[in-house]
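Residues per chain, in single letters:
There are 2 protein chains.
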Amino acid sequence: MHKRSPLAPDSFPHLPAIDGLGLAVAASGAKYKGRDDLLLMTLCSSANVAGVFTRSDTAAAPVQWCRDRIISGTARAILTNAGNANAFTGQHGRNSVLQTATALGAVLDCAAEDILLASTGVIGEPLDTTILTPHFPQLAANDTASWEQAAAAILTTDTFAKGAHAQCDIDGIPVTICGIAKGSGMVAPNMATMLAYVATDAALPAALLQQILSSSADQSFNAITVDSDTSTNDSVFLIATGRAKHRPVTSPDDPRLAGFRDALAQLMVDLATQIVRDGEGASKFITITVTGAATDHAARQIGLAIANSPLVKTAIAGEDANWGRIVMAIGKSGFNIDQNAICIEIGGFAVAADGMRVADYDEAPIAAHMQTASIDIAVAVGQGLGTARVYTCDLTHGYISINADYRS
Amino acid sequence: MHKRSPLAPDSFPHLPAIDGLGLAVAASGAKYKGRDDLLLMTLCSSANVAGVFTRSDTAAAPVQWCRDRIISGTARAILTNAGNANAFTGQHGRNSVLQTATALGAVLDCAAEDILLASTGVIGEPLDTTILTPHFPQLAANDTASWEQAAAAILTTDTFAKGAHAQCDIDGIPVTICGIAKGSGMVAPNMATMLAYVATDAALPAALLQQILSSSADQSFNAITVDSDTSTNDSVFLIATGRAKHRPVTSPDDPRLAGFRDALAQLMVDLATQIVRDGEGASKFITITVTGAATDHAARQIGLAIANSPLVKTAIAGEDANWGRIVMAIGKSGFNIDQNAICIEIGGFAVAADGMRVADYDEAPIAAHMQTASIDIAVAVGQGLGTARVYTCDLTHGYISINADYRS
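These protein sequences, in sequence, are chains A and B. For the first sequence, our numbering begins at 12 and goes up steadily by one. For the second sequence, our numbering begins at 12 and goes up steadily by one.
Only chain A is shown next, with the shape it has when bound in the complex:
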């Protein structure tokens, strides 16, 4: 594993078990040696599950499988393997999915269709399922792994395990939410090269769960970018085991859901930004806030144009307040922006307004801000009420080192 990101949190947070959810890990040795690379999550019979997946046209075989399966809103288990993406593997890949699901279903006494799958790793290599299947009985028999073990088993080029925890209540009854994620490179909407699993003991119908997940993903996993590259395998699952004893919730407008929605949204932003903090080679965490766009969509795209600009990212890596590159990125975003209406702040300090540098521009406080680990860029474009917040990291020699020899 590469050196732990300087932007990583001090430690993995304490995540309590979720009633009705089992976690199990194993080491297949398929690609990585001396570490777990398989994660089995088993769901109780009352559980519902929702999912959002990459919009890539070259989505991996397990993603294609899950897109079909998730419609049922239920599953018996989710199996994840790290090291091989089973992407662009054609009929062989589809066979691998079916073999895996069938074998695991046999062990768990359920249909193949009740198994969800996720894979991460190299694209284009056939996945040899005979390396995975012998571990299924052991995985099924030992479902008391910790969240931290689970988070560690799904990593690829990540430098730290990512987890988050929230408590809230529904109808006065305490509800727990826990989540883990992986992702470090090939991270861009929609989604990032990332896998995330969020579980709660709340009791929520599948359709409602899907609606909540989709809207939360827009502000979190779809608002991050490391390198503008969108993975073939991105998957986010939201599991509700239904073990909490609150009265049924059926409507998305139910006011008793407000606290849960807020807690989930915050947790998903936490997980998503941990992925950015583990961006390959990252030395700076960058938050870009766009206001005054014609629409929220336009604001997002303007924010992403800045976040994905190699020139902006390298300037920040060099701690250089080269804000002209932000102007360039806004200009190329394609939303017919009037440059005379652009305002830019860095670290809360005004840089540009009325189409030029502010009259009393003082680079000293901005230069000091550039030397911190968290860079804040705020842009207003004077077109309307659209807003968005986007998270990214800088582009450093570390990114080149990691990616010029990842597969070899």
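A portion of the hints provided could be inaccurate.
[To be verified] One side only, chain A facing chain B, incomplete, derived with CB under 10 Å:
| hint | residue |
| --- | --- |
| 1 | Thr69 |
| 2 | Ala70 |
| 3 | Gly116 |
| 4 | Val118 |
| 5 | Leu119 |
| 6 | Ser242 |
| 7 | Ala328 |
| 8 | Gly335 |
| 9 | Ala340 |
| 10 | Lys343 |
| 11 | Ile353 |
| 12 | Gln382 |
[To be verified] Chain B is faced by these chain A residues, among others (derived, beta-carbon under 8 Å):
| hint | residue |
| --- | --- |
| 13 | Pro321 |
| 14 | Asn347 |
| 15 | Phe360 |
| 16 | Leu406 |
Everything labelled a hint here was simulated from the structure, so no lab data went into it. Cβ atoms here follow ideal geometry from the backbone N, Cα and C, with glycine treated the same way.
With chain A fixed as given, assemble chain B onto it according to the hints.
Below, chain B without anything else, positioned relative to chain A:
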């Protein structure tokens, strides 16, 4: 100046003078010391001129000026300064343009409106015209600089001067075409961070000249990308002095233009690919050919998705045949591609077909190709007859080094 790109041609080609065009250079010392940074091109009275410019919404003041001026199809001179882009400089920048054009017009005895301007360099810094104007009399009096001197005077982070030359005939009369360009970073359509000046002694009406330039630019300067970042200042000028003695050409469909069109197109691709060969930190020249897309536009966008992918570019930098990243880039391009129809070749060797790695995949010849300086990627997507060719370079530590401290 940074170390000369390993992809540079051996030497600057011999470019003959164009009858009716004067070249003059000077060193203002505004940003660079010990080198020329001003280029004056003076046009004879029979000359016509066409231009294409960045589509950025934050286009620089000189670009805004030229967009208005170029409509007339004539100009007395084009002045270029290197080191300051006069971009995002607001009313001050517009004043600088007017002051510069007025001062030069006074020296050349013409109206300010007869002066075209181009700037390249840092964005957002006010341009002090008093540093430039004292050089105008000397520039006007010595218009016999060489093309190589002219090409050197407009460079910024470039590591070599770029020129190209072609001979053809119109109506049996020999016609000369010469061109120079600069560009190294912030290079992406449309255009690249680039300036280019192509001049011919052909006699062509302004409207026809504009039509020929626009169509040639699509296959050349709009088909290159270094870092996906689009400049505020991109400008390409095509000058026809009208001194060649061929009979008048008025129609774009005139068959006597075929040789000229071909020669110009080839020269512009030559210049554009020299910019890619000077891409910041470039160690590999990459040609991406896309066929079978629904439209030429789709083919171009698919090619650019591959060309702009940091993961593809870093893999090539590492000489790693990590073709799964090409699959990823195709998948994220957003053209609803059927992955089972994708075929990929690298260096002429089949890699993928029918949605997976080819059965007899042999990495040895591909690995050998990856070690060469010119990488060829061919992609077919099985949707239609759209084709495009896109040129780019790899993403190396050199790019990071150059851009993390360019302005400071």
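Consistency of the hints with the structure:
1. With a cut of 10 Å, the hint placing threonine 69 of chain A at the interface with chain B holds, because the nearest CB-to-CB distance is about 3 Å.
2. Contact between alanine 70 of chain A and chain B, as hinted, is supported at the beta carbon level, the nearest pair being about 7 Å apart and thus within 10 Å.
3. Taking 10 Å as the C-beta contact cut-off toward chain B, the hint placing glycine 116 of chain A at the interface is violated, the least distance being around 25 Å.
4. At a threshold of 10 Å, the smallest CB-CB gap from valine 118 of chain A to chain B is about 28 Å, leaving the interface hint violated.
5. Interface hint status for leucine 119 of chain A: violated, as the beta-carbon distance to the closest one in chain B is roughly 29 Å, over 10 Å.
6. At a threshold of 10 Å, the smallest CB-CB gap from serine 242 of chain A to chain B is about 7 Å, leaving the interface hint in force.
7. The beta carbon of alanine 328 of chain A is positioned within 10 Å of a beta carbon in chain B (closest approach about 5 Å), and the interface hint is therefore held.
8. Given hint, glycine 335 of chain A at the interface with chain B, holds; its Cβ is 3 Å from that chain's nearest Cβ, closer than 10 Å.
9. Below 10 Å, beta-carbon pairs count as interface contacts, and alanine 340 of chain A has one with chain B at about 7 Å; its hint therefore holds.
10. With its C-beta approaching chain B no nearer than about 4 Å, lysine 343 of chain A sits inside the 10 Å limit, and its interface hint holds.
11. The beta carbon of isoleucine 353 of chain A comes within 7 Å of a beta carbon in chain B, closer than 10 Å, and the hint placing it at the interface holds.
12. Because the beta carbon of glutamine 382 of chain A sits about 12 Å from the nearest beta carbon in chain B, more than 10 Å, this interface hint is broken.
13. A least Cβ separation of about 4 Å between proline 321 of chain A and chain B falls short of the 8 Å threshold, and the interface hint therefore holds.
14. The interface hint given for asparagine 347 of chain A is met, as the beta carbon of that residue sits about 6 Å from the closest beta carbon of chain B, less than 8 Å.
15. Checking phenylalanine 360 of chain A against chain B: minimum C-beta separation of about 15 Å lies over 8 Å; hint violated.
16. Satisfaction of the interface hint for leucine 406 of chain A is found here, the shortest Cβ-Cβ separation to chain B being roughly 7 Å, below the 8 Å cut-off.
Checked against the numbered hints given earlier, this structure breaks hints 3, 4, 5, 12 and 15; the rest are met.
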